[in-house]
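Novice: Chains as they are written, first to last, in our numbering: chain A, 774 to 1410; chain B, 324 to 573.
Bear in mind the hints are in silico, worked out from the structure with no lab data behind them.
C-beta: ideal position from N, C-alpha, C; glycine also.
Possibly wrong hints are sitting among the right ones.
[To be verified] Residues of chain A clear of chain B, computed beta-carbon distances all greater than 10 Å:
| id | residue |
| --- | --- |
| 1 | D839 |
| 2 | G1159 |
| 3 | Q1324 |
| 4 | Y1383 |
[To be verified] Now the stretches of chain B that chain A is said to cover, found in silico as 3 or more residues with beta-carbon under 8 Å:
| id | segment |
| --- | --- |
| 5 | 338 to 344 |
| 6 | 396 to 410 |
| 7 | 526 to 538 |
| 8 | 560 to 570 |
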Amino acid sequence: MKLDPRVPSGPLAQKWERHRFEMKLVNPANKRKFRILVVGTGLAGASAAASLAELGYNVESFCFQDSPRRAHSIAAQGGINAAKNYQNDGDSIRRLFYDTIKGGDFRSREANVFRLAQISVNIIDQCVAQGVPFAREYGGQLSNRSFGGAQVSRTFYCRGQTGQQLLLGAYQAMCRQIRAGRIHMHPRTEMLDLVVVEGRARGIVVRDLVSGQLQSYSGDAVILATGGYSTVFYLSTNAKGCNVTAAYRAYKRGAAFANPCFTQIHPTCIPVSGEHQSKLTLMSESLRNDGRIWVPKEPGDRRPPNEIPEEDRDYFLERKYPSYGNLAPRDIASRAAKEVCDEGRGVGPNGRGVYLDFADAIRRLGEPVIRERYGELFPMYQRITGEDALKQPMRIYPAPHYTMGGLWVDYNLMSTIPGLFVLGEANFSDHGANRLGASALMQGLADGYFIVPYTLSDYLASTKQTPAPTDGPEFKRCEAEVRERIARLLSIKGKRSAQSFHRQLGKLMWDQCGMARSEQSLKKALNEIPAIREEFWNNLCVTGREQELNQELEYAGRVADFLEFAELLCYDALDRDESCGAHFRIEHQTPDGEAERNDEKYAYVSAWEYTGVGKAPILHKEMLEFEEVHPSVRSYK
Amino acid sequence: MNFTLHIWRQKGPQDEGRMVTYDARDISPDMSFLEMLDVLNQELITKGEEPIAFDSDCREGICGSCCLMINGVPHGPERGVATCQTYMRVFEDGQEIYVEPWRARAFPLVKDLIVDRSALDRIIQAGGFVSVNTGGAPDGNAVLVPKTHAERAMDAAACIGCGACVAACKNASAMLFTAAKVAHLALLPQGQPERRRRVRNMVEQMDREGFGNCTNYYECEAACPKEISVNFIAQLNREYLAACLDGSDE
Chain A
774 MKLDPRVPSG
784 PLAQKWERHR
794 FEMKLVNPAN
804 KRKFRILVVG
814 TGLAGASAAA
824 SLAELGYNVE
834 SFCFQDSPRR
844 AHSIAAQGGI
854 NAAKNYQNDG
864 DSIRRLFYDT
874 IKGGDFRSRE
884 ANVFRLAQIS
894 VNIIDQCVAQ
904 GVPFAREYGG
914 QLSNRSFGGA
924 QVSRTFYCRG
934 QTGQQLLLGA
944 YQAMCRQIRA
954 GRIHMHPRTE
964 MLDLVVVEGR
974 ARGIVVRDLV
984 SGQLQSYSGD
994 AVILATGGYS
1004 TVFYLSTNAK
1014 GCNVTAAYRA
1024 YKRGAAFANP
1034 CFTQIHPTCI
1044 PVSGEHQSKL
1054 TLMSESLRND
1064 GRIWVPKEPG
1074 DRRPPNEIPE
1084 EDRDYFLERK
1094 YPSYGNLAPR
1104 DIASRAAKEV
1114 CDEGRGVGPN
1124 GRGVYLDFAD
1134 AIRRLGEPVI
1144 RERYGELFPM
1154 YQRITGEDAL
1164 KQPMRIYPAP
1174 HYTMGGLWVD
1184 YNLMSTIPGL
1194 FVLGEANFSD
1204 HGANRLGASA
1214 LMQGLADGYF
1224 IVPYTLSDYL
1234 ASTKQTPAPT
1244 DGPEFKRCEA
1254 EVRERIARLL
1264 SIKGKRSAQS
1274 FHRQLGKLMW
1284 DQCGMARSEQ
1294 SLKKALNEIP
1304 AIREEFWNNL
1314 CVTGREQELN
1324 QELEYAGRVA
1334 DFLEFAELLC
1344 YDALDRDESC
1354 GAHFRIEHQT
1364 PDGEAERNDE
1374 KYAYVSAWEY
1384 TGVGKAPILH
1394 KEMLEFEEVH
1404 PSVRSYK
Chain B
324 MNFTLHIWRQ
334 KGPQDEGRMV
344 TYDARDISPD
354 MSFLEMLDVL
364 NQELITKGEE
374 PIAFDSDCRE
384 GICGSCCLMI
394 NGVPHGPERG
404 VATCQTYMRV
414 FEDGQEIYVE
424 PWRARAFPLV
434 KDLIVDRSAL
444 DRIIQAGGFV
454 SVNTGGAPDG
464 NAVLVPKTHA
474 ERAMDAAACI
484 GCGACVAACK
494 NASAMLFTAA
504 KVAHLALLPQ
514 GQPERRRRVR
524 NMVEQMDREG
534 FGNCTNYYEC
544 EAACPKEISV
554 NFIAQLNREY
564 LAACLDGSDE
């Protein structure tokens, strides 16, 4: 396997423009002769499908939900960044680029990030033109807010539903193309394999989730926009249906998987309330603007929060990071919360929680101001926990939220399999070891609206391909393998449900490979995962049949992939013997507990090659070179 | 908490459905309604019985997947929340709970509590968009939008497309759903060029799918998890009337 990032030559600021000129075009009359398969209908998938159909390509679009409008991008609350500098507060493309590189702890590719910052401004224009109802000022201009620790106001938003509105914009653009017959939409359809013919991605095998039928689709290129894999931890802020299957099956067919250990833990989620819990709910990070985070000074202090006097409280973020205080970045705030809970000072029924206290802000500003400022959040918290956070402090705890890792892609967003493009959270490209707030929406839409339409055309124009009919041997072989796997899952007839295995794996991953990792914990996980997998394949119980709507069967297939993928994640975390961004190895910290990066040895992207189930994957390294920025120590003290 | 559940079971569209009674024991008041069903399903699986099929995804009230009729009310007793954000503490210990799918001619049943809501997608496909290709959009601030218009457009755009409005309506009308999209785009300058065509096409598609019409009972507004106002239906009627009288863009 050879990793060629294909970064264009020339000065950073001119690379994309130069590249766009150098790329080949497909004649408008020929575009309809190409068929493109797009898997996933989140921001990246929907924007790519719509844009490619507008250009004239034939698009087949697939999603496992009942409608393309339901993909999990819809749940993003905060906003989308763009270097518009509408506020005249010193923002620029270069500043957004720099913030993103630094926020990612210097583990992303400069050229990609610079392009992202350049394109950010076009995204806002495009979304406004589609009728996305962004927040406005009284003068009619677009409104901005600051977010995620940035020093400028560059975040555009639609109340607390920015992801929903951006996704509906892209969904509606898709709807227009579905009506025009240029997109064929396949809802309730799950991709189960990638078909590679003569070294190129030429098709997919899918299962119709209503009838249970397997079907193959052939195309001239395949685009995966299938999201992240936070649900490997079982409990996360992701939707129940989020999974790694499409990306993982592509990995098993030869696509390299990059930086799987870069998983972001979001500090402000509602803590776990019991064994039954199916997901964790995020409370917007903006709450940290007014809330003060604390725990009791003494371990085991079980007094109700209002009875703990000021001198017995530890405002640990304010104590450790006097200049950023409660606004310290996500990875740092999350780790600090874990630390105090590990010391036995956590709060709530199971001791895994810290207080987020609004009492001071209410005293200073009055309850109505706080209530108005955070709108839906307080009622939502009360609905879930039954507690009124205006009367007693909120309880929060970190939870898996976003995965920076993903399939390796070059500058053109193409994976190591020619013809397989990977967009959005499913690729690894832009966020390095830690993503900044309001940057996920930006990246998904940049990939789909403005990058892949160019780079895919270049690929199609410079590749000669013969038709790959779905009755060809490669398709038949893939179909047979998928069928065999489904039959195996159904034939075990054991005693445990897929959910019980998923929960067991998730707990192991969270304990051993979550917010803090060590050589010892990772080896322990690598030791235990095969045993869980072994039991899964011997004691799984899947009810129902193949040829029907069978949610247990769907779920079992996804858990089976997580049971292999989890090992890959641990191998990567074990190899990366440094702390950087969201990846914290306890062996590498300063005396006061801060992450210690090792640029000399680990300034690379880890790209893993599949070698077989239970076998150690092969590591390939893409060395990162920094021409414009000088890697420095992130300090928030 | 303990509950007696009566749940609609139906193997497929051609099969006959019936209510089946289940006991839910030791349910925590902190569980969501769907987590309670998860627990029940786990019990069924370990007994080798088929679990109850239902749609859900984000479980934070925004994706619009979940769609249960709980004691005759779409999304259950609490106002302004989706099924996934309904928590068991709103029920009384020992209560009998009836769980059914959305029922409407335009929403054919798929299995158990799952229905096919693709008719709503086809209403959007008929015109619920702005015809603008990627690229070449003017600067975001080139066209000013009064704050009040943007806010009202956002009130309408908040629709999550769950179909509770249809399920709540005795006419199985999708007018609130259609009105929300028509109003969202009609309130913004970007929606103006296609304003007339859009409403005509969307209303025609709505009729074609077999949805009924509004007779002003406002059950839709009461059931909507995003509390979208029926005033938008009044706006839809005005828009439709104006579009029928003004054929200039046909």
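Novice: Give a verdict on every hint.
Specialist: Status of each hint after checking the structure:
Taking the minimum C-beta to C-beta distance to chain B, about 6 Å, the non-interface status of A:D839 is violated against the 10 Å cut. Non-interface call for A:G1159 relative to chain B: violated, since the shortest CB-CB distance, roughly 6 Å, does not exceed 10 Å. Once the 10 Å rule is applied to beta carbons, A:Q1324 is inconsistent with being away from chain B; the minimum gap is 6 Å. Chain B leaves A:Y1383 outside its interface by the beta-carbon criterion, the shortest separation being 29 Å against a cut-off of 10 Å.
Counting residues of the segment 338 to 344 of chain B whose CB falls under 8 Å from any CB of chain A gives 0; the rule of at least 3 is not met. Interface restraint, the segment 396 to 410 of chain B with chain A: holds (4 residues with C-beta to C-beta distance below 8 Å; minimum three). Figure legend: the segment 526 to 538 of chain B, annotated as covered by chain A; annotation inconsistent (0 residues with Cβ-Cβ distances under 8 Å, at least 3 required). Coverage of the segment 560 to 570 of chain B by chain A is violated in this model, with 0 residues showing a Cβ closer than 8 Å to a Cβ of that chain against a need of three.
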